[in-house]
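Number of protein chains: 2
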Amino acid sequence: MAKKGKLVEAITSMNEDFAQWYTDVVKKAELVDYSSVRGCMVIKPYGYAIWELLQRQLDDRFKETGHENVYMPMFIPESLLQREKDHVEGFAPEVAWVTHGGTEKLTEKLCVRPTSETLFCEHYSNEIQSYRDLPKLYNQWCSVVRWEKTTRPFLRSLEFLWQEGHTAHATAEEAEEETIKMLNLYAKFCENVLAIPMIKGQKTEKEKFAGAKATYTIESLMHDGKALQSGTSHNFGDGFAKAFDITYTDKDNKLSYVHQTSWGMTTRLIGAIIMVHGDDNGLVLPPAVAPTQVMIVPIMQKKEGVLEKANEVKEALSKVARVKLDDSDKSPGWKFSEHEMKGVPLRVELGPKDIEKNQAVIVRRDTREKYFVTLDELEDKIVELLEDVQKSMLEKARIHRDEHTYTATSMDEFAKTVQETPGFVKAMWCGDRACEDKIKEDTGATSRCMPFEQEDIADVCVCCGKPAKKMVYWGKAY
Amino acid sequence: MAKKGKLVEAITSMNEDFAQWYTDVVKKAELVDYSSVRGCMVIKPYGYAIWELLQRQLDDRFKETGHENVYMPMFIPESLLQREKDHVEGFAPEVAWVTHGGTEKLTEKLCVRPTSETLFCEHYSNEIQSYRDLPKLYNQWCSVVRWEKTTRPFLRSLEFLWQEGHTAHATAEEAEEETIKMLNLYAKFCENVLAIPMIKGQKTEKEKFAGAKATYTIESLMHDGKALQSGTSHNFGDGFAKAFDITYTDKDNKLSYVHQTSWGMTTRLIGAIIMVHGDDNGLVLPPAVAPTQVMIVPIMQKKEGVLEKANEVKEALSKVARVKLDDSDKSPGWKFSEHEMKGVPLRVELGPKDIEKNQAVIVRRDTREKYFVTLDELEDKIVELLEDVQKSMLEKARIHRDEHTYTATSMDEFAKTVQETPGFVKAMWCGDRACEDKIKEDTGATSRCMPFEQEDIADVCVCCGKPAKKMVYWGKAY
Chain U
1 MAKKGKLVEA
11 ITSMNEDFAQ
21 WYTDVVKKAE
31 LVDYSSVRGC
41 MVIKPYGYAI
51 WELLQRQLDD
61 RFKETGHENV
71 YMPMFIPESL
81 LQREKDHVEG
91 FAPEVAWVTH
101 GGTEKLTEKL
111 CVRPTSETLF
121 CEHYSNEIQS
131 YRDLPKLYNQ
141 WCSVVRWEKT
151 TRPFLRSLEF
161 LWQEGHTAHA
171 TAEEAEEETI
181 KMLNLYAKFC
191 ENVLAIPMIK
201 GQKTEKEKFA
211 GAKATYTIES
221 LMHDGKALQS
231 GTSHNFGDGF
241 AKAFDITYTD
251 KDNKLSYVHQ
261 TSWGMTTRLI
271 GAIIMVHGDD
281 NGLVLPPAVA
291 PTQVMIVPIM
301 QKKEGVLEKA
311 NEVKEALSKV
321 ARVKLDDSDK
331 SPGWKFSEHE
341 MKGVPLRVEL
351 GPKDIEKNQA
361 VIVRRDTREK
371 YFVTLDELED
381 KIVELLEDVQ
391 KSMLEKARIH
401 RDEHTYTATS
411 MDEFAKTVQE
421 TPGFVKAMWC
431 GDRACEDKIK
441 EDTGATSRCM
451 PFEQEDIADV
461 CVCCGKPAKK
471 MVYWGKAY
Chain L
1 MAKKGKLVEA
11 ITSMNEDFAQ
21 WYTDVVKKAE
31 LVDYSSVRGC
41 MVIKPYGYAI
51 WELLQRQLDD
61 RFKETGHENV
71 YMPMFIPESL
81 LQREKDHVEG
91 FAPEVAWVTH
101 GGTEKLTEKL
111 CVRPTSETLF
121 CEHYSNEIQS
131 YRDLPKLYNQ
141 WCSVVRWEKT
151 TRPFLRSLEF
161 LWQEGHTAHA
171 TAEEAEEETI
181 KMLNLYAKFC
191 ENVLAIPMIK
201 GQKTEKEKFA
211 GAKATYTIES
221 LMHDGKALQS
231 GTSHNFGDGF
241 AKAFDITYTD
251 KDNKLSYVHQ
261 TSWGMTTRLI
271 GAIIMVHGDD
281 NGLVLPPAVA
291 PTQVMIVPIM
301 QKKEGVLEKA
311 NEVKEALSKV
321 ARVKLDDSDK
331 SPGWKFSEHE
341 MKGVPLRVEL
351 GPKDIEKNQA
361 VIVRRDTREK
371 YFVTLDELED
381 KIVELLEDVQ
391 KSMLEKARIH
401 RDEHTYTATS
411 MDEFAKTVQE
421 TPGFVKAMWC
431 GDRACEDKIK
441 EDTGATSRCM
451 PFEQEDIADV
461 CVCCGKPAKK
471 MVYWGKAY
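Protein chains in written order, with our numbering: chain U, 1 to 478; chain L, 1 to 478.
Among the hints, a few may not be true.
Since copy identity is lost for identical chains, a pair holds within one copy or between any two.
Unchecked claim - When the alpha-carbon atoms are kept at most 16 Å apart in a straight line, the in silico EDC-like pairs for lysine to aspartate or glutamate are as follows: (1) Lys105 to Glu148; (2) Lys105 to Glu94; (3) Lys27 to Glu127; (4) Lys85 to Asp24; (5) Lys357 to Asp456; (6) Lys314 to Glu395; (7) Lys330 to Asp133; (8) Lys109 to Glu304; (9) Lys416 to Glu441; (10) Lys314 to Glu377; (11) Lys440 to Asp459.
Honestly, the hints are just simulated from the structure, not real lab data.
Just need the whole structure built from these sequences, with the hints factored in.
Dropping the structure here:
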């Protein structure tokens, strides 16, 4: 790769320093820039285009399942934030406070929303009267602010973009059903669109959302063996309804509290894409969210007929994919490196000799395989390969995750696994917070989730030896 | 309409109290709800669906003209806001200030963006080095905050949604070209999508944007004769570039400042749709931004075969329009009023007798015309009518505007026109700020713009009698 290093500024190798590799990719693939606002990022055109593709496909799925988009204010008055006790305790320490409007001091300070449960609840208490008004299936796309001490682009930033679904239902059963349904929708979306396999499960009491009855999560494994919480879905029961007095009259004219859920995914998913699929040449994008799926690089483009043919090919391929032609005056080698850095799934090379043979060369970003294809078959082959890349990226990520998932039946084994072979550790747990705390203290791993698919690894808690209640996925996490 | 009054809660008549009519429509058509955050609105599903349609079509036009979306932080450090002198003077008095993060007092307070020139400039100063980096054609969709004293949904709110384009160019000519190009794009969008005709022109010195060299505007006329500034496009020259040190080296290796523009449109456009097209039965939506373009209302829906046929019709029409079927247990009359209130462009009535005759009844929302159409021709007729509604709404708005555009050659005539026949007043102006101020003081009208299409109404300024420089559109404005 020495030659490439000269062409496009080299990035740190993953194995050498994963954190630096991540920072390099984020910058060199032109996803973000830093700004003078601590912990906030500028999402550049290429990064934002990925977000738009992700957003549109997720939004389509929300709409297909009957959800409607709304927009709530970005400010929450202090008194409103305080209505639900657990919720305010969880969020108040990490919010930004607006204390002045223009030159005037506000009589009540406003926080910039860290999440919008309180605003949705206030709205629902106005909107919901009868069982006819239920369910309410709302979602909002916006940015939220959490005053984090240490930040990293996409993974943890003061401000981030996200969607937050907020629903209200007549019964506890319907709320639970919605919570699980959205978790499943998230997991499928991540697998089919982002090519990232997920572990689905429930968070422990310690890790659940402030104010929730139950929090469900999807967890993925990054290339360095660390876990990433990729989306959560909360069942609130009627806790918020009681705090905000959200009631409805049922068919028998009886007054009841609604049951609520919320669920969210964020720009952090872009961090997951980078850390699951990337390699030492940069980003590797799943075709479904690649702003450019096919980059055509002409070879000896000054030779007569090359650019004409390349443009023809571009026209033809535009019908089946997001295609660009790089006819800049950089060298082909430079272009190869640049588009590899940006993770473009397929490259099409086309030079005078190819044209003579009525063929083109396709190179996959994920496996670097080369295909010589006649121009007549090019369109079909591109469609086929884009599908194949999407599938094999998921498969590769699944294999990586499975190969980095371990079991531990003793604390020694647990600690050794975490230290020597980073990944998920499956281990039994008694259900006590004390053991959860001790495991974190001794190994650095936190409970990621109690997976829906339980396994019977042992009879007793890996930590205290008392009878085990749950098999838990543990891991160091972002 | 007495009967209707019983069905759907009556709204105030436009002629009786236009402001109350507006508030009623906004509530009864389920566009917004109020919240406990002063001056901020909850945009409900129906209102947000209009925004999404508007946004998508505008965004497509931005992308077609080579613009790319990005996302900037929502906070601006005080020192950054202060970099351009006119800009900070214009905005500092109306921003929300974040002074605390969690429990800590910030060393430098941050304002919530009222607009993002300063952030884009900071970013451009990092990104732009050479003429190869130009032009930069960026846009962002976000919400901004301005600390307004009095607020009204969509028209003037503390927080509103908008897009802000920010571009950087090599030369003054290119920047001016972009400024005008985007103004024209805005005007075309408003005419073709929102069915609202626009006057295009330049703002006076007094009314231009804080920090701009020149501000261009599109102005529309509401049903009550008041003007609404509907979009603006600013040429910054190299003022911001000098304040933020944004330079590039040209082909001859000479260092130059870039020339910049910005342009924006907001959720206020929904206010314009309401006030230009609405009537005493509620909202009237142009088909291009109607979440539901065709509402099917079955008559005697419990009769065998009616709902089946209605569903069949819905299936068929779904191919050519956004169609819904209202099969709720409300009466047809109630449904008619409800969907009229929400401005659905076309209603299709289908009852047992219609089915017998193999026909349906179409009713237009804008003109209330009725059409009896055979089911075989229904699809074509719907397409034809949607196009016709879109066109005639624009035509009707144009006629209303032209009929409410007056000329004045004396101050008496000017004041009388403003008082007795609200609308645009065209009058000559010497170019002095003093006259502009006096006209406002004496008549309540402000200069809306110096239109590109100048007319020679008189030789002298309507106010001072000195030689006139420009014909100006004046009016009371939202």
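For each hint, the structure was consulted:
With identical chains, the CA atoms of Lys105 and Glu148 are at most 16 Å apart between copies only, with a shortest distance of 14 Å across copies and 25 Å within one. Within a single copy, Lys105 and Glu94 get their C-alpha atoms only as close as 21 Å, which misses the 16 Å cut-off; across copies the closest is 12 Å, which meets it. Within a single copy, Lys27 and Glu127 get their C-alpha atoms only as close as 45 Å, which misses the 16 Å cut-off; across copies the closest is 12 Å, which meets it. For the homomeric pair Lys85 and Asp24, neither the shortest alpha-carbon distance inside one copy (42 Å) nor that between copies (36 Å) is at most 16 Å.
In this assembly of identical chains, the alpha carbons of Lys357 and Asp456 never lie at most 16 Å apart, being 60 Å within a copy and 68 Å across copies at closest. For the identical chains of this complex, Lys314 and Glu395 are neighbours neither inside a copy (30 Å) nor across copies (41 Å), given an alpha-carbon limit of 16 Å. With identical chains, the CA atoms of Lys330 and Asp133 are at most 16 Å apart between copies only, with a shortest distance of 15 Å across copies and 61 Å within one. Taking the shortest Cα distances, Lys109 and Glu304 never come within 16 Å of each other, neither inside one copy (68 Å) nor across copies (60 Å).
Proximity of Lys416 to Glu441 under the C-alpha cut-off of 16 Å is restricted to the intra-copy arrangement: shortest distance 14 Å within a copy versus 81 Å between copies. Proximity of Lys314 and Glu377 under a CA criterion of 16 Å is satisfied intra-copy only: 14 Å inside one chain copy versus 40 Å between copies. Proximity of Lys440 and Asp459 under a CA criterion of 16 Å is satisfied in neither setting, with 21 Å inside one chain copy and 84 Å between copies.
In the structure shown, a violation is registered for the earlier hints numbered 4, 5, 6, 8 and 11, in ascending order.
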